[in-house]
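Next come the chains, spelled out residue by residue.
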Amino acid sequence: DAKTTQPTSMDCAEGRAANLPCNHSTISGNEYVYWYRQIHSQGPQYIIHGLKNNETNEMASLIITEDRKSSTLILPHATLRDTAVYYCIVRVGRQAGTALIFGKGTTLSVSS
Amino acid sequence: DVKVTQSSRYLVKRTGEKVFLECVQDMDHENMFWYRQDPGLGLRLIYFSYDVKMKEKGDIPEGYSVSREKKERFSLILESASTNQTSMYLCASSVGQWNNQPQHFGDGTRLSIL
Numbered sequence: 001d002a003k004t005t006q007p008t009s010m011d012c013a014e015g016r017a018a019n020l021p022c023n024h025s026t027i028s029g030n031e032y033v034y035w036y037r038q039i040h041s042q043g044p045q046y047i048i049h050g051l052k053n054n055e056t057n058e059m060a061s062l063i064i065t066e067d068r069k070s071s072t073l074i075l076p077h078a079t080l081r082d083t084a085v086y087y088c089i090v091r092v093g094r095q096a097g098t099a100l101i102f103g104k105g106t107t108l109s110v111s112s
Numbered sequence: 113d114v115k116v117t118q119s120s121r122y123l124v125k126r127t128g129e130k131v132f133l134e135c136v137q138d139m140d141h142e143n144m145f146w147y148r149q150d151p152g153l154g155l156r157l158i159y160f161s162y163d164v165k166m167k168e169k170g171d172i173p174e175g176y177s178v179s180r181e182k183k184e185r186f187s188l189i190l191e192s193a194s195t196n197q198t199s200m201y202l203c204a205s206s207v208g209q210w211n212n213q214p215q216h217f218g219d220g221t222r223l224s225i226l
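Protein sequence lines correspond, in order, to chains L and U. FYI, this note's numbering numbers position 59 of the first sequence as 59, with every residue one higher than the one before it. In this note's numbering, each residue carries its 1-based index in the second sequence increased by 112.
Hints listed in this document are in silico derivations from the structure and should not be mistaken for laboratory results. The model shown is predicted, which means the values in this text are computed figures rather than measured ones. From the three backbone atoms N, C-alpha and C, an ideal C-beta is built for every residue, glycine too. Mixed in with the good hints, there may be bad ones.
[Claimed, not checked] With a cut-off of at most 27 Å between alpha-carbon atoms, the simulated DSS-like pairs for lysine-lysine come out as follows:
1. U:K182 <-> U:K115
2. L:K104 <-> U:K169
3. L:K69 <-> L:K3
4. L:K3 <-> L:K104
5. L:K52 <-> L:K69
6. L:K3 <-> L:K52
7. L:K104 <-> U:K115
8. U:K169 <-> L:K3
9. U:K167 <-> U:K125
[Said to hold, decoys possible] Simulated restraints on C-beta separations:
10. L:S41 <-> U:D171: 21 to 29 Å
11. U:V114 <-> L:A17: 25 to 33 Å
12. L:K52 <-> U:D163: 29 to 37 Å
13. L:K52 <-> U:K115: 46 to 54 Å
14. L:N19 <-> U:V164: 17 to 25 Å
15. U:G175 <-> L:H40: 39 to 47 Å
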């Protein structure tokens, strides 16, 4: 699986958009980008994933650059409950039975 | 919404005990996983199952066994608990075999072995 690089921490004001970047310059053509988050003392929560097109769901939007070497997770209106560690993972889609590998992630702190 | 339910949030056991951790998912997923999460070590896969009665070892299966008698339920068993098995245990499930669908996690069981 391709390696990812994320900032260690970010701050965001409540109600503003949180834009979390992820660099995956060695991504290969069949690797998807997945985002998870983990709130303290809870299990990881799946947010969104994509291959090359931008994706949006009820939680967030995922913007993938045309060369697929980086992506941005957007939380459009951050709330205090969005404070968590956010993980960007790149892996081949057809590996249903293999482990997820979480890096260090980005600690997002949302404040009022 | 996918729901993965782990039977206990917190559990305290003694060394040498046989410990059962239960996980149930309500989305008819084929794949189920057991991980442990430790500070500085990230997630490590213990076992996974891709069908009823089927199981595969993950990266750290020693000291653990699993059981999947029904599609919705995946149990992790610590045969003889030891203090180095104190950890956060996470169950996950996903649909299908060869596709891009994500894994969905339960809230975890924080297990302490005294």
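Consistency of the hints with the structure:
About 16 Å separates the Cα atoms of U:K182 and U:K115, which keeps this hinted pair within 27 Å; it holds. For the hint linking L:K104 to U:K169, the alpha-carbon distance of about 25 Å falls within 27 Å, and the restraint holds. Taking the CA atoms of L:K69 and L:K3, the gap is about 11 Å. The hint holds against a cut of 27 Å. Note on L:K3 and L:K104: the hinted pairing holds, with a Cα-Cα distance of about 12 Å set against a maximum of 27 Å.
The hinted pair formed by L:K52 and L:K69 meets the criterion: a straight-line CA distance of about 10 Å does not exceed 27 Å. Straight-line distance between C-alpha atoms of L:K3 and L:K52 comes to about 17 Å, which keeps the hinted pair within the 27 Å bound. Restraint check for L:K104 and U:K115: satisfied, since their Cα atoms lie roughly 26 Å apart, inside the 27 Å limit. A C-alpha spacing of about 24 Å is found between U:K169 and L:K3, which places the hinted pair at or below 27 Å, so the restraint holds.
Distance restraint check for U:K167 and U:K125: the Cα-Cα separation of roughly 26 Å lies within the 27 Å cut-off, and the hinted pair is therefore satisfied. In this structure the hint that L:S41 and U:D171 lie 21 to 29 Å apart at CB holds, the actual value being about 24 Å. At roughly 26 Å, the beta-carbon separation of U:V114 and L:A17 lies within the given 25 to 33 Å, and the hint holds. Judged by the Cβ atoms, the range 29 to 37 Å given for L:K52 and U:D163 holds: they are separated by roughly 31 Å.
For the pair L:K52 and U:K115, the beta carbons lie near 30 Å from each other, so the given range of 46 to 54 Å is not met. Distance hint check: the CB atoms of L:N19 and U:V164 are about 43 Å apart, inconsistent with the given range 17 to 25 Å. Restraint check, U:G175 to L:H40: a C-beta distance of roughly 27 Å breaks the suggested window 39 to 47 Å.
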